[in-house]
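There are 2 protein chains.
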Amino acid sequence: MSAVLEDSLIERLVKGFGRSPLQLNGLQESDSELLRLPNGAVVLAVTTDGIVEEIEQGLYDYPYQIGWMTITVNASDLAASAADPIGVLVNQTFPHAADEGLISEVQHGIRDACDCYSLALLGGDTNFSSVMQMSGVALGVVSADYALTRCGCQPGDRLFASAPLGLGSSYALTKLGRGYQDAGRGVSFLPRARLAESHLMRGYVSACMDTSDGMVATIDQLSRLNHVGFDVELPVREFLHPHAKLIAEEAGIPPWMMLAGPHGEFELLFTVPQGLCAAFTHLAKSQRWNPIEIGTVAAGSGLRLNDARQWLEIDTPRVRDLFFQPSDDIALYLAELPRLAHPVDSAKALVR
Amino acid sequence: MSAVLEDSLIERLVKGFGRSPLQLNGLQESDSELLRLPNGAVVLAVTTDGIVEEIEQGLYDYPYQIGWMTITVNASDLAASAADPIGVLVNQTFPHAADEGLISEVQHGIRDACDCYSLALLGGDTNFSSVMQMSGVALGVVSADYALTRCGCQPGDRLFASAPLGLGSSYALTKLGRGYQDAGRGVSFLPRARLAESHLMRGYVSACMDTSDGMVATIDQLSRLNHVGFDVELPVREFLHPHAKLIAEEAGIPPWMMLAGPHGEFELLFTVPQGLCAAFTHLAKSQRWNPIEIGTVAAGSGLRLNDARQWLEIDTPRVRDLFFQPSDDIALYLAELPRLAHPVDSAKALVR
Numbered sequence: 271m272s273a274v275l276e277d278s279l280i281e282r283l284v285k286g287f288g289r290s291p292l293q294l295n296g297l298q299e300s301d302s303e304l305l306r307l308p309n310g311a312v313v314l315a316v317t318t319d320g321i322v323e324e325i326e327q328g329l330y331d332y333p334y335q336i337g338w339m340t341i342t343v344n345a346s347d348l349a350a351s352a353a354d355p356i357g358v359l360v361n362q363t364f365p366h367a368a369d370e371g372l373i374s375e376v377q378h379g380i381r382d383a384c385d386c387y388s389l390a391l392l393g394g395d396t397n398f399s400s401v402m403q404m405s406g407v408a409l410g411v412v413s414a415d416y417a418l419t420r421c422g423c424q425p426g427d428r429l430f431a432s433a434p435l436g437l438g439s440s441y442a443l444t445k446l447g448r449g450y451q452d453a454g455r456g457v458s459f460l461p462r463a464r465l466a467e468s469h470l471m472r473g474y475v476s477a478c479m480d481t482s483d484g485m486v487a488t489i490d491q492l493s494r495l496n497h498v499g500f501d502v503e504l505p506v507r508e509f510l511h512p513h514a515k516l517i518a519e520e521a522g523i524p525p526w527m528m529l530a531g532p533h534g535e536f537e538l539l540f541t542v543p544q545g546l547c548a549a550f551t552h553l554a555k556s557q558r559w560n561p562i563e564i565g566t567v568a569a570g571s572g573l574r575l576n577d578a579r580q581w582l583e584i585d586t587p588r589v590r591d592l593f594f595q596p597s598d599d600i601a602l603y604l605a606e607l608p609r610l611a612h613p614v615d616s617a618k619a620l621v622r
Numbered sequence: 271m272s273a274v275l276e277d278s279l280i281e282r283l284v285k286g287f288g289r290s291p292l293q294l295n296g297l298q299e300s301d302s303e304l305l306r307l308p309n310g311a312v313v314l315a316v317t318t319d320g321i322v323e324e325i326e327q328g329l330y331d332y333p334y335q336i337g338w339m340t341i342t343v344n345a346s347d348l349a350a351s352a353a354d355p356i357g358v359l360v361n362q363t364f365p366h367a368a369d370e371g372l373i374s375e376v377q378h379g380i381r382d383a384c385d386c387y388s389l390a391l392l393g394g395d396t397n398f399s400s401v402m403q404m405s406g407v408a409l410g411v412v413s414a415d416y417a418l419t420r421c422g423c424q425p426g427d428r429l430f431a432s433a434p435l436g437l438g439s440s441y442a443l444t445k446l447g448r449g450y451q452d453a454g455r456g457v458s459f460l461p462r463a464r465l466a467e468s469h470l471m472r473g474y475v476s477a478c479m480d481t482s483d484g485m486v487a488t489i490d491q492l493s494r495l496n497h498v499g500f501d502v503e504l505p506v507r508e509f510l511h512p513h514a515k516l517i518a519e520e521a522g523i524p525p526w527m528m529l530a531g532p533h534g535e536f537e538l539l540f541t542v543p544q545g546l547c548a549a550f551t552h553l554a555k556s557q558r559w560n561p562i563e564i565g566t567v568a569a570g571s572g573l574r575l576n577d578a579r580q581w582l583e584i585d586t587p588r589v590r591d592l593f594f595q596p597s598d599d600i601a602l603y604l605a606e607l608p609r610l611a612h613p614v615d616s617a618k619a620l621v622r
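Heads up: the sequence lines are chains L and Z, in that order. Taken in order, the first sequence gives residues 271 to 622; the numbers are from the working numbering. Taken in order, the second sequence gives residues 271 to 622; the numbers are from the working numbering.
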């Protein structure tokens, strides 16, 4: 597969750096960094993620949401590693003119998210600058036997989504796309990271990654790291979030495009070996969780989606690059995106 | 002691948050957050610190320095906990217009600092925004018996500085103070965090904190947390960094003011019980390290400095508040600062 721009940048950023002998995962192989601690079988999961563009572009635009998301983006990485939450550190940069109300609403969002995920506030750093930026660090622990990474799936494994997908894109479109605001109809975006659910995945799941960058980018990474492809047999409409379905219909956008935007919904995509699927699904349902079985890990590479009328092969590297190239023009992006899906013969798709 | 603005803000930020049962230190009690990990006697030290105002104000103004400092500010917090370094995560926000050269020079600074401190690069997050901001997360481990915090000193303990102090202030003055640029004479600011030295402190030191916010703020915190005062008997000139001494002389500024600025030099201030001083000093010297014995922990509160001609009682809370109040006018700050030092009767100072 061709390298994508974002991955090339990251590889350049880390070039020449030493790695820790304690670190279990390689570059890009895990949502959290996994460290085997001295004198213990316990693995530390640590991750850091910031909210910068999202604030600057107005995607997250009220203080409570900014606080909530600062914790959620990091909790979601812990979830993808199936780690037990310990706590977070928060790096806050407030605008110089921040008033009492702004600061306390941000803290309210942070506090509610910490409570929701059982994450203690461990510490942090507070700065003032011309622009508001937030980042967090989340820490968790998991026994070495159960730590999940993005690596480990095999052809034949089944692909699951923790819940319907596409809200990340449809929310972004109604927030930032000219002409789509009306379609927003007050949709809120306060996703809940799947930390609680991720416990149930232990022992069943072969690879896992969150959809923080959208489903297509997630599949692209899983595909590269595991040298496999993905056939998503369940028709896209059937696992699309209701809001994403609505926006796609009203705007006349092909539904799959709601899975392609770079702003995701913080669900989990994960794979389960065929023989464990029944037991896993039974366990999940017993806990009132209904993960959606959407497809199969295939030999080869790439992503094929079932658009109900036809099978589409998605050019996942170019989808990722399309957004990574700096441009604020969403209309241009939406015009270009359909060209990155190629109809494929369904018989061929199913037997590759 | 009266509360200072910065501490009040931090207390407000954490109000209502749960704490982790694993965390050993309370609020403000340690430069790194210390966590006793499940199933182990090992303590995890974790810290996060960002470079925001420093970049925005032009205090750190070339890419290599920005990279170096991103790691150093965090390594310094690990040093204050006497932790063995594990690694760092880096949260980078580059300007949209960042070119190849800028990015690779920042990485060069980060890499050299990581090498210097034996910190592996574990992971991170990369963003693009209108302004450049950097933050880091550092992780280390230390056995529970040897973890240092800001708490634990007693009246009678001796106060040490890891090296001469004041470069943080004098550098900031030549960088940002109108009329002081000439006095810079090409002084560079690439401080080395005292991680290597901090190993030697284990078993000897009763409390430790780095001077990232300058000596006066550090003493103010140590004083509050330990309910003690500090008598710095060594004349200020004798432990002032040569550059700070030069600037003070040329500008006719009282030398102690070079210890009062909010930009510090990332040295360590620490206390050693009287009975252990000889052994500690011997060990340090055997490793070619010459920490400076500058004073004594006293009963009571506050900071007294020996200005050679007289003893000065420094109003440390007001010194900290003076800078925390938003103002870009360094001249105003310098005019106000001398009023916060009060001459005291030397006999009284020594017997309180």
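Quick caveat, the hints were computed from the structure, so don't treat them as lab data. Incorrect hints may have been included.
Treat identical chains as interchangeable: a pair holds within one or across any two.
[Claimed, not checked] List time: in silico DMTMM-like cross-link candidates among lysine to aspartate or glutamate, alpha-carbon distance up to 20 Å:
(1) Lys-285 with Asp-382
(2) Lys-445 with Asp-331
(3) Lys-555 with Asp-385
(4) Lys-445 with Glu-326
(5) Lys-515 with Asp-354
(6) Lys-285 with Glu-375
(7) Lys-445 with Asp-599
Quick caveat, the model's predicted, so the values are computed rather than measured.
Against the structure, the hints come out as follows:
When the C-alpha separation of Lys-285 and Asp-382 is checked against a cutoff of 20 Å, the pair qualifies only between copies, where the shortest distance is 12 Å, while the shortest distance within a copy is 38 Å. For a Cα distance limit of 20 Å, the shortest separation of Lys-445 from Asp-331 inside one copy, 9 Å, qualifies, whereas the shortest one across copies, 36 Å, does not. Taking identical chains as interchangeable, the C-alpha atoms of Lys-555 and Asp-385 are never at most 20 Å apart, the minima being 24 Å within one chain and 49 Å between chains. Taking identical chains as interchangeable, the C-alpha atoms of Lys-445 and Glu-326 lie at most 20 Å apart only when both belong to the same chain, with a minimum of 13 Å there against 29 Å between chains.
Taking the shortest Cα distances, Lys-515 and Asp-354 never come within 20 Å of each other, neither inside one copy (34 Å) nor across copies (52 Å). Taking identical chains as interchangeable, the C-alpha atoms of Lys-285 and Glu-375 lie at most 20 Å apart only when they sit on different chains, with a minimum of 12 Å there against 40 Å within one chain. In this homomeric assembly, Lys-445 and Asp-599 come within 20 Å of each other (Cα to Cα) only inside a single copy, at 13 Å, whereas the closest approach across copies is 40 Å.
In this structure, the earlier hints numbered 3 and 5 are contradicted, and the remaining ones agree with it.
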